Structure formats: C-alpha cells, structure tokens
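Produce the complete structure using the sequences and hints provided.
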Amino acid sequence: MRAYKRMAKFSILIAIISLLIAILLNFCFAIDKTGFWINVCLGLFGSATLTILTSVVSYFHEKRQTLENFVYHTRQILSYLNKYQESMSLEQKLKFYLDYHDLDKSAWDMDIGNMDFFSENKTHDFQYIYTAIYKPILDFNRAVENHVWHFRWYLDGTGKNDTVMEKFLLELQEYLLEKNEQDIPTEYDENGNIVSTCHHSTVKPKLVLNIRKELNGRYYEIMYGKKITKREMNSQEAQNNG
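The sequence shown begins at 854 in this note's numbering and counts up by one.
Be careful, since some hints might not be right.
[As the list claims (entries may be wrong)] Here are the in silico distance ranges between beta carbons for each label pair:
(1) K988 to V1017: 21 to 29 Å
(2) E944 to T1050: 18 to 26 Å
(3) V1017 to Y933: 22 to 30 Å
(4) E921 to C1051: 43 to 51 Å
(5) Q929 to E1085: 33 to 41 Å
(6) R1084 to L1030: 31 to 39 Å
These are calculated hints, taken from the structure and not from any lab test.
Everything numeric in this text was worked out from a predicted model, so none of it was measured.
Glycine included, C-beta positions come from ideal geometry on N, C-alpha and C.
See below:
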C-alpha cells in the first residue's frame, strides 16, 4: 500500500508541474523550439497520468488484500485465545500461555505495518484499526511476555510458587475474560419483597468478542466499502426475517 501511495502522489506532482509548464510555454513564451518542449511536457503529463491510474488501481487491490490478510491472521489469534477456559488447572493455563507466546504472529505484525491509507488525516482508519483491534491484542501479548520465564521456571520445577503463579494468571485472565455476578430473586413474600435469591455468575471471552465485533463492524466497511457492507447487512436482515 505504501509504495503505491507514494508512487501516486509523486506522479500527481509530476503531472501538475508538467501541465503548468506546458501552459506557461504555450501562452507566456514565444521562443524557438517552444513546441518541442510543450510536447515533452505533455508527454510527461500523459505518462504521469497513466502511472497515477495504475498506482491507484494497484493501491486499492493491495489495500483489500492487506486488510483481508490482517483479518485472517487476527482470527487465527482469536481462535486460539477462545480455547482458554477459567476451569483449566494451573499447569494447563501456564502451558496455554506459553503455547500462545510461541505462536507465530510475524505475519499479523507485517499486515499492520503494510497499512498506509490515502485519506488517513480525514478518515483516521489506521488509527482506528491500531487502537480498536491491534493494540488490545498487542497489550495482551506484552503482558504474557512479561511472565513467560516465570511460567517456564514453574513448569521445570525451578520456581514453584503457586500463590505467585495464581496472581500472574489472574492478571492475564483480566485481559481475556469478563465476569458478571448477580443475585436473581427466586422467592417473594406476600408484599412483593424478595425473600430468597440465587447467585448467578457468567463469564464471557471479553477480548475475543470485542475484537470480533470490530472486525464485523467498521473494519469490514473499511475493507470492502460502504456499498458492499450495506448490501451484506441487508442480506443478513432478509435472511433473519425470512
């Protein structure tokens, strides 16, 4: 994306300069060989215009490809994170995080590095993708990385301390899960007052759900455009209503 964006901007500059010079030579100067230089400038203008068109088409093709790759690699990460269960044993959780740390995320990092939008100052698309999708996962990755050696020492027997490990695991779990607890009324007296309640606790994969929501929302619109997004939404609504 970045290369085609720069090429398009450079070609636009060349096209404008060559056209202005051709106009100046044609209307402001009356010297020998003016016609030759006008033709040279117009030739540059034509070549630059063709390069602009080629660059823009290539940019949008690579933009979609880059965004689709980022979705694919992000979903791979989310698919792994979604396997985490609060009911896992301490050692299972440690192995889960170590396996996640060893998961190759280089392609995912390259995808975000390849993004460079034409109208970033106006749309802030990259800022949105970085803040809403990339950074939450990156923050979690860094939190895991901070404890990798602690987990390895525990598993190989050189750093056995269950209390400390539980503290580290709780810290990481707060990135992944959201727990909601509430008391649900189960019995009322004749005046409508609550007599007894049942404690209810729910756990949901906070990080996975939040990122998936973004991927299916504004990110999808950035990737495919408003028309296709609207068409997809209308199609889904029709299926749901049907």
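(message) Flag every earlier hint the structure violates by its number, smallest first.
(response) Of the numbered hints, 2 and 5 do not hold.
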